[in-house]
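**Student:** Below are the chains, spelled out letter by letter.
Number of protein chains: 2
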Amino acid sequence: MQAALKMLRLRSRITPLCLQSVRSASTAAASRNESFATLEDKDRNFFREVLGDSNVITDTDALQPLNEDWMGKYAGKSKLALRPKSTEQVSKVLAYCNDRRLAIVPQGGNTGLVGGSIPLFDEVILLTAGLNQVISFDAVSGTLVCQAGCILEHLDSQVSAQGFTMPLDLGAKGSCQIGGNVSTNAGGLRLLRYGSLHGSVLGIEAVLADGTVVDALQTLRKDNTGYDLKQLFIGSEGTLGVVTAVSLLCPPRSSSVHVCYLAVPDFATTQKVFVKARQRLGEILSAFEFFDQQALDLTLKHLEGIRNPLPDTQTPFYLVVETSGSNEEHDNEKLQSFLEEVMEEEMVLDGTIAQDSAQIAGIWGIREGISVALKHAGPVYKYDLSIPVAEMYDLVEETRQRMAHLPVEVVGYGHLGDGNLHLNVSCQKYDDEILRHIEPFVYEWTAARRGSISAEHGLGQMKAECIRYTKPQPVVDLMLQVKNTFDPNGILNPYKVLPQVMAVAQ
Amino acid sequence: MQAALKMLRLRSRITPLCLQSVRSASTAAASRNESFATLEDKDRNFFREVLGDSNVITDTDALQPLNEDWMGKYAGKSKLALRPKSTEQVSKVLAYCNDRRLAIVPQGGNTGLVGGSIPLFDEVILLTAGLNQVISFDAVSGTLVCQAGCILEHLDSQVSAQGFTMPLDLGAKGSCQIGGNVSTNAGGLRLLRYGSLHGSVLGIEAVLADGTVVDALQTLRKDNTGYDLKQLFIGSEGTLGVVTAVSLLCPPRSSSVHVCYLAVPDFATTQKVFVKARQRLGEILSAFEFFDQQALDLTLKHLEGIRNPLPDTQTPFYLVVETSGSNEEHDNEKLQSFLEEVMEEEMVLDGTIAQDSAQIAGIWGIREGISVALKHAGPVYKYDLSIPVAEMYDLVEETRQRMAHLPVEVVGYGHLGDGNLHLNVSCQKYDDEILRHIEPFVYEWTAARRGSISAEHGLGQMKAECIRYTKPQPVVDLMLQVKNTFDPNGILNPYKVLPQVMAVAQ
Numbered sequence: 004m005q006a007a008l009k010m011l012r013l014r015s016r017i018t019p020l021c022l023q024s025v026r027s028a029s030t031a032a033a034s035r036n037e038s039f040a041t042l043e044d045k046d047r048n049f050f051r052e053v054l055g056d057s058n059v060i061t062d063t064d065a066l067q068p069l070n071e072d073w074m075g076k077y078a079g080k081s082k083l084a085l086r087p088k089s090t091e092q093v094s095k096v097l098a099y100c101n102d103r104r105l106a107i108v109p110q111g112g113n114t115g116l117v118g119g120s121i122p123l124f125d126e127v128i129l130l131t132a133g134l135n136q137v138i139s140f141d142a143v144s145g146t147l148v149c150q151a152g153c154i155l156e157h158l159d160s161q162v163s164a165q166g167f168t169m170p171l172d173l174g175a176k177g178s179c180q181i182g183g184n185v186s187t188n189a190g191g192l193r194l195l196r197y198g199s200l201h202g203s204v205l206g207i208e209a210v211l212a213d214g215t216v217v218d219a220l221q222t223l224r225k226d227n228t229g230y231d232l233k234q235l236f237i238g239s240e241g242t243l244g245v246v247t248a249v250s251l252l253c254p255p256r257s258s259s260v261h262v263c264y265l266a267v268p269d270f271a272t273t274q275k276v277f278v279k280a281r282q283r284l285g286e287i288l289s290a291f292e293f294f295d296q297q298a299l300d301l302t303l304k305h306l307e308g309i310r311n312p313l314p315d316t317q318t319p320f321y322l323v324v325e326t327s328g329s330n331e332e333h334d335n336e337k338l339q340s341f342l343e344e345v346m347e348e349e350m351v352l353d354g355t356i357a358q359d360s361a362q363i364a365g366i367w368g369i370r371e372g373i374s375v376a377l378k379h380a381g382p383v384y385k386y387d388l389s390i391p392v393a394e395m396y397d398l399v400e401e402t403r404q405r406m407a408h409l410p411v412e413v414v415g416y417g418h419l420g421d422g423n424l425h426l427n428v429s430c431q432k433y434d435d436e437i438l439r440h441i442e443p444f445v446y447e448w449t450a451a452r453r454g455s456i457s458a459e460h461g462l463g464q465m466k467a468e469c470i471r472y473t474k475p476q477p478v479v480d481l482m483l484q485v486k487n488t489f490d491p492n493g494i495l496n497p498y499k500v501l502p503q504v505m506a507v508a509q
Numbered sequence: 004m005q006a007a008l009k010m011l012r013l014r015s016r017i018t019p020l021c022l023q024s025v026r027s028a029s030t031a032a033a034s035r036n037e038s039f040a041t042l043e044d045k046d047r048n049f050f051r052e053v054l055g056d057s058n059v060i061t062d063t064d065a066l067q068p069l070n071e072d073w074m075g076k077y078a079g080k081s082k083l084a085l086r087p088k089s090t091e092q093v094s095k096v097l098a099y100c101n102d103r104r105l106a107i108v109p110q111g112g113n114t115g116l117v118g119g120s121i122p123l124f125d126e127v128i129l130l131t132a133g134l135n136q137v138i139s140f141d142a143v144s145g146t147l148v149c150q151a152g153c154i155l156e157h158l159d160s161q162v163s164a165q166g167f168t169m170p171l172d173l174g175a176k177g178s179c180q181i182g183g184n185v186s187t188n189a190g191g192l193r194l195l196r197y198g199s200l201h202g203s204v205l206g207i208e209a210v211l212a213d214g215t216v217v218d219a220l221q222t223l224r225k226d227n228t229g230y231d232l233k234q235l236f237i238g239s240e241g242t243l244g245v246v247t248a249v250s251l252l253c254p255p256r257s258s259s260v261h262v263c264y265l266a267v268p269d270f271a272t273t274q275k276v277f278v279k280a281r282q283r284l285g286e287i288l289s290a291f292e293f294f295d296q297q298a299l300d301l302t303l304k305h306l307e308g309i310r311n312p313l314p315d316t317q318t319p320f321y322l323v324v325e326t327s328g329s330n331e332e333h334d335n336e337k338l339q340s341f342l343e344e345v346m347e348e349e350m351v352l353d354g355t356i357a358q359d360s361a362q363i364a365g366i367w368g369i370r371e372g373i374s375v376a377l378k379h380a381g382p383v384y385k386y387d388l389s390i391p392v393a394e395m396y397d398l399v400e401e402t403r404q405r406m407a408h409l410p411v412e413v414v415g416y417g418h419l420g421d422g423n424l425h426l427n428v429s430c431q432k433y434d435d436e437i438l439r440h441i442e443p444f445v446y447e448w449t450a451a452r453r454g455s456i457s458a459e460h461g462l463g464q465m466k467a468e469c470i471r472y473t474k475p476q477p478v479v480d481l482m483l484q485v486k487n488t489f490d491p492n493g494i495l496n497p498y499k500v501l502p503q504v505m506a507v508a509q
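Residue numbers (our numbering), protein chains in the order written: chain L, 4 to 509; chain U, 4 to 509.
I should point out that these hints are in silico values taken from the structure, not numbers from a laboratory.
Don't take each hint at face value.
Pairs involving identical chains hold if they fit within one copy or between any two copies, as the list cannot separate such chains.
As the list claims (entries may be wrong) - Derived SDA-like pairs (lysine to any residue); straight-line CA-CA distance at most 20 Å:
#, residue 1, residue 2
1, Lys275, Pro254
2, Lys95, Asn135
3, Lys275, Pro255
Only chain L is shown next, with the shape it has when bound in the complex:
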């Protein structure tokens, strides 16, 4: 770590609007930061020496999927990807890149939605996939320690076998990596029950831009010795350091899980059902998700093997309510009492309870499949907003109205229990005309309600210039100072998260 702080002047270039346009031209940064070096033969040679030939990727075909995101929305031009297999190798790579001023993009499962793991120009891609070892699991406390490249679903299988569960779950679980989950502060389906990663991550090992290894990989539930620096790596999207390992507190796996699927007549009623669920289901309520008719239709149309649980019911809104508890009989009683009340009080038009794990998977398949179905349907503009629940769906309706004359489908779904809306505009091709109807309208609408323009997806390259819709200037200034303290040369995931900063030596 360089002990002396560099004297830098922070100057923000603020774009007046946050228009994101098509493909790679859509990004916050219009031009490459020329203070970064360009790759030379000596660099490739150094990396081959440190990592071995097979972990230095220069082949254009092999680079192509690493240069693009899964939605086909962002594309970079990196000529080099590196696959270190140890923290020590990450440290050597970063120290070298820092000295050489080579910009770096850390990439985990590349399942993000805001272009956070995609280079904009010729940044070197640092893959975490080679860091894929489970280090330890304590089956009494439920503490898991593992490297960053472990895949979420694999980890969940491993801890499940010992009676625990991962504290987060999301649709991308089959490919996303835990290091990416932590770096982006992934939310997902279990947040309502187990809280955010800021609570369940116990420790982090990260490598700073200059190669310093920050060993904060503690496994203690409580530790008040100094600043909780690990928190800064949670959700900073690889701009402050590369997360190489994490320790997490896994909650005990519930022996009893129930899922029900409910049809609700209007959005106001979804909230009434939520209040009732909190009262009747109490501590066993583990998920409360909603989606609209448009989302259901898209999913039934575009995904194979999805069955409509209520084929005879057409209604604007559907809910997936999950309970997880330790006593089958008690949980059943609570669920029955909840369902009887919401049916009797006519909050719910129709509903079904999954009878076995296949049916549970079937119901979750609809909710988790929406994002994939949208991808199958064509290009999609995705927004991820925290909004007071009562007003949440107004935004979907207003957006729909604004775009009634355009060939788009506007879809709303999300984590109702957390106040988190996913607003998606599905279209035939990415088109600035469409975009102008969405932005900055969506951001301004959200800002006016003191909401967040990114509840769980992060800012990435999509929204780096838009942070001020949610955070006031002094807070952004302080973030820029923190960035400058951790990464004075700005080599880590440049052009992302924060507004473009020009570092000018005085």
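Chain L is fixed; fit chain U onto it per the hints.
**Tutor:** Just chain U, lined up with the frame of chain L:
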């Protein structure tokens, strides 16, 4: 906020041992940092102008309780305390102090155990007691927004009336302030159930050393827009900024609460009972506390109105197990099944379940009274450690053995469910001879097990030089850089938390 970063060299003065000696001579810093200014008439005049005469305290008698902690262990020599009533006033005071290089100690309820809110020399005391307004409470989501000086117990009463509970509870609740709780990342009795404040604090408003107001007082459950800076203020003990307001997520109040009191033959068995409690009580387990016979005896001897719930049973260990749930009948069944098993399997020698709220208060009165009883008993050396549960009580026994020839009483109790031991050495007077038998032994013993030398009390002035027993050097270095970024003149709570740093202009 000063935009340009100061060029500073960080130099650590490390004391070889962490001996804490008697009263104010006991502190980490042996001498005043002479880069701080001393108070002049013009300063007092400025403060009177900003705050009004009655909020500028210069009277020696009035200052005396603010210069001392409640244990009578730490004492400072401040000649001035200020009581701002708004964030704006705090901002004006800090901006002035920063320009004048006047050092500041923020002080909430002054209930801390490590001298964190007590000046060492002539620092100005900044009282948060005047910031005592509840700003809002959302009775649907349970989101509380309030100023830093609100007293924890008052807040709990207010949110209780609307069906919620504060996410933390501790013995000092009648005097401690929420701003202090957040600034010290207070743990307490409900952490097992509701997690740490890093999870339940949704937003913070803080004032930086230069007077910049950091408005991160969001009320959103999810917000991934940039770095989660509020996390840095949680647990940094007022060294990075003065917390002026917080927003917190309050969980729904449980309609059914049960408390039982169990006598257990040995420490190994307490862990078996804990495993059984997690299995049988599952999601309704809300506290699992232990204390030893010595702690019980002290409490019965020194506190009035405390009744021994099991007067005919003498055993080395006692447990307080609490459940909180939403269904009285279900909770009762779970508790009965747990108790039957631990009795049948002879893990528990005897036990009692509180039959009403008075009995619940009676049992909690013992556990929460231990700290007060120790104070009544005389001077006490207090340690607060995170240790793997299996080895936790070994430390108490080894300490007892080391000091068998000295006139002391060694007492162990704490949050068994969180791996958090409170080790207390009660004596007749503070005495370096006694201290030499405890330190650095306790810290080294804990460090050897990768534990934490401060689970929940913080470092304050008591353990500022001891941080390296838990945190490696690169992590401490990074903390020093963060401190320097937030508070370049080092005026905020100097001599605390981090090893002494000399800021040398180059």
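**Student:** Against this structure, judge whether each hint is valid.
**Tutor:** Evaluated hints:
no. : hint            : in the structure
1   : Lys275 - Pro254 : between (29 Å within a copy, 18 Å between copies)
2   : Lys95 - Asn135  : within (18 Å within a copy, 51 Å between copies)
3   : Lys275 - Pro255 : between (30 Å within a copy, 16 Å between copies)
Hint compliance for this structure: no hint is broken.
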